[in-house]
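Enquirer: Listed below are the residues making up each chain.
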Amino acid sequence: MDNQPITLKVSVRDVRFGRNVKVIEPTSTIGDDSFVGPFVEIQKNVSIGQRTKIQSHTFICEFVTIGNDCFIGHGVMFANDLFKNGSPNADPNSWGRTVLEDNVTVGSNATILPVHICSGAVIGAGAVVTKNITVPGTYLGNPARLSRKF
Amino acid sequence: MDNQPITLKVSVRDVRFGRNVKVIEPTSTIGDDSFVGPFVEIQKNVSIGQRTKIQSHTFICEFVTIGNDCFIGHGVMFANDLFKNGSPNADPNSWGRTVLEDNVTVGSNATILPVHICSGAVIGAGAVVTKNITVPGTYLGNPARLSRKF
Amino acid sequence: MDNQPITLKVSVRDVRFGRNVKVIEPTSTIGDDSFVGPFVEIQKNVSIGQRTKIQSHTFICEFVTIGNDCFIGHGVMFANDLFKNGSPNADPNSWGRTVLEDNVTVGSNATILPVHICSGAVIGAGAVVTKNITVPGTYLGNPARLSRKF
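From first to last, the protein sequence lines stand for chains A, B and C.
With the first letter of the first sequence counted as 1, position 122 gets the number 122 in my numbering; the numbers rise by one all the way through.
With the first letter of the second sequence counted as 1, position 23 gets the number 23 in my numbering; the numbers rise by one all the way through.
With the first letter of the third sequence counted as 1, position 137 gets the number 137 in my numbering; the numbers rise by one all the way through.
Okay, chain A solo, but in the shape it has when bound (with noise of 0.2 Å):
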């Protein structure tokens, strides 16, 4: 059993429930020596590697892949639909997918859309990734630019 994976266990309890309320079992993965903060939303279908930290306040939406020894800050955001066609789409295949590979630096209050961001990569606080990072280096501002090379 070494380096099984803990799945989330999310319990609904102390919730006076209206009508027309949905509850999903959880379906995503945290590895190993991984730290969740506090106000935390993680959604389905989300997979986080070995001792990655989440730090408080973020959301991690579905189709969101996240590496090993990755580091995201506090208030970040993923978002996956575009809003395409100028509003949400419900079906999810319309959805993006978003990978973190490994070493992944993720700064406070950023937001991330459906991109691909390769190891080695810090994502200034405050920045909004909308397109993908396949060079090291340090990326800022909305949207994030390449800032400094490693």
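Just so you know, these hints were derived from the structure itself, not from any lab.
Hints are supplied without guarantee of correctness; some may be wrong.
Treat identical chains as interchangeable: a pair holds within one or across any two.
Each computed DSS-like pair below joins lysine-lysine, with the alpha-carbon atoms no more than 30 Å apart [said to hold, decoys possible]: (1) Lys149 / Lys131; (2) Lys53 / Lys131; (3) Lys84 / Lys131; (4) Lys149 / Lys44; (5) Lys53 / Lys149; (6) Lys44 / Lys131.
Fit chains B and C to the supplied structure of chain A, relying on the hints for placement.
Expert: Below, chains B and C alone, put in the same frame as chain A:
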């Protein structure tokens, strides 16, 4: 009783009160079949229409009116005090009013100052909306600017 | 005992602990008549003055000092690690120090890196403060720039 709005019922419990604590009974309304995610704060004097979704981590301040069939993403912050005199103004009469018409979509981590946003507008993730929006389209950046008309 | 600061009392309860869990006794202080909203995380080694308001969804990291009569909006993220070597540095001696003098106003969704902000500064909603602020005025954008002197 058709279409009777659901009044927000908030309870304060398991709280140890310090001195000088005020608890305000909410006066906001949320329409039928709307959704409010976790870690959301909605202040008083807010009106939310029908079938509108408010996602996690979002804060809605006083004097915000949101129409029907809107989507408010995660970590969206509404603000009504422009700090015009260099600090917060405690007088609610000095605060701006915000209106989102029906079918407005707001991406995650966006910031909405006291503005009027027309039906069919899409606010990109991480955008900061500082001016009225009167033309349907996608608005991106800080400050938010028209990126694509529909 | 006049003006004796109130020590933060945080309790951890109703929690099922996993392995490798550390719980740290807080050492931060908050002055008289200050206010802390819901969904706020304040780390250790933080000092907050008197009559200062910390609004909902805000995260205050270690080594942040906030003066008297400040206003910190909703969803404000303080960060002290600049990831200079391409990833988080676990050594607290490497982290920056942040000081907000008295009468500083920070708009919602702003991000504050380790800087010194002078009395009378107003940080606009959604701004990202990357440099010291020494002149009172309004600072907007990402990165934040002086928009209007007082």
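Enquirer: Confirm or reject each hint.
Expert: Evaluated hints:
| no. | hint | in the structure |
| --- | --- | --- |
| 1 | Lys149 / Lys131 | both (17 Å within a copy, 21 Å between copies) |
| 2 | Lys53 / Lys131 | both (23 Å within a copy, 27 Å between copies) |
| 3 | Lys84 / Lys131 | both (15 Å within a copy, 23 Å between copies) |
| 4 | Lys149 / Lys44 | neither (34 Å within a copy, 33 Å between copies) |
| 5 | Lys53 / Lys149 | within (24 Å within a copy, 39 Å between copies) |
| 6 | Lys44 / Lys131 | within (24 Å within a copy, 36 Å between copies) |
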